[in-house]
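Peer 1: Between the sequences and the hints, there should be enough to build the whole structure, so can you do that?
2 protein chains.
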Amino acid sequence: MTDVALAFDEQEYIPAVAQDADSGEVLMLAYVTEEALERTRETGYAHYYSRSRDELWKKGATSGHTQAIEEVRVDCDGDALLYLVEQSGGACHTGYESCFYRTVDGEEVGEQVFDPDDVY
Amino acid sequence: MTDVALAFDEQEYIPAVAQDADSGEVLMLAYVTEEALERTRETGYAHYYSRSRDELWKKGATSGHTQAIEEVRVDCDGDALLYLVEQSGGACHTGYESCFYRTVDGEEVGEQVFDPDDVY
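In order, the protein sequence lines correspond to chains A and B.
Per my numbering, the first sequence starts with residue 1, numbered consecutively.
Per my numbering, the second sequence starts with residue 121, numbered consecutively.
FYI, nobody ran anything at the bench for these hints, they're computed from the structure.
Cβ coordinates follow ideal geometry from the N, Cα and C atoms, glycine included.
Every clue listed holds true.
To spell it out: a stretch of chain B is covered by chain A in this simulated footprint if at least three of its residues, at any positions, have a beta carbon under 8 angstroms from a beta carbon of chain A; those stretches are:
(1) 132–140
(2) 186–199
(3) 204–214
(4) 221–230
Label pairs and their computed distance ranges (CB to CB):
(5) B:L176 - A:D117: 41 to 49 angstroms
(6) A:D54 - B:L126: 22 to 30 angstroms
(7) B:L126 - A:P116: 20 to 28 angstroms
(8) A:D118 - B:D174: 45 to 53 angstroms
(9) B:D225 - A:S88: 23 to 31 angstroms
(10) B:L176 - A:G64: 38 to 46 angstroms
(11) B:W177 - A:S88: 37 to 45 angstroms
(12) A:S88 - B:Y240: 38 to 46 angstroms
(13) A:G89 - B:E191: 19 to 27 angstroms
(14) A:W57 - B:D225: 20 to 28 angstroms
Peer 2: So this is what it looks like as structure tokens:
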């Protein structure tokens, strides 16, 4: 079996969706570079690339809220990834389990699982 | 309640992840413009913007495999959307239920739900 060919964009990023492997909750969307993906596969922990800080980061390096990788999937045209993860704590820096804790109308529908003041 | 401010990128796109509201399966990732999102909210059916064809499209317009919207969520920093949908047929043009039907190693893990030759 050979790796699926990936279509990084012109800035060499691919969006990666992290999903809780147990609950199925979609946790976050971030970007990876080839190196971030390699690091993810080598270590078994989700790594991303911060476009604003311009650096590779391990999810949870500061907060302890790591994402142990269960599986990495790729979509039909190779330009998006899906990380199936075991999430420690909450995925969102706001304290919510998922970054998608609001509807687009502004209603809060997610669950807060930690107090960000205790973590950051 | 007011709409959450959205951070469209410099090309005026936001990535949108479609998730099956019942099974929790992540179906696809595509992009929306402000107009595509408006159309989605007005009609109750998922619309996206094709960056390669440079046009607004309704998911399922050709195949019949529409996505009825149950909820649209937005992430913490307003630069990604989550469509919770009721998927008719399969989301992927390959016949799989989800576009994420392979691991990055090339193993097929998804379920094929229709024959693309019958649809396109």
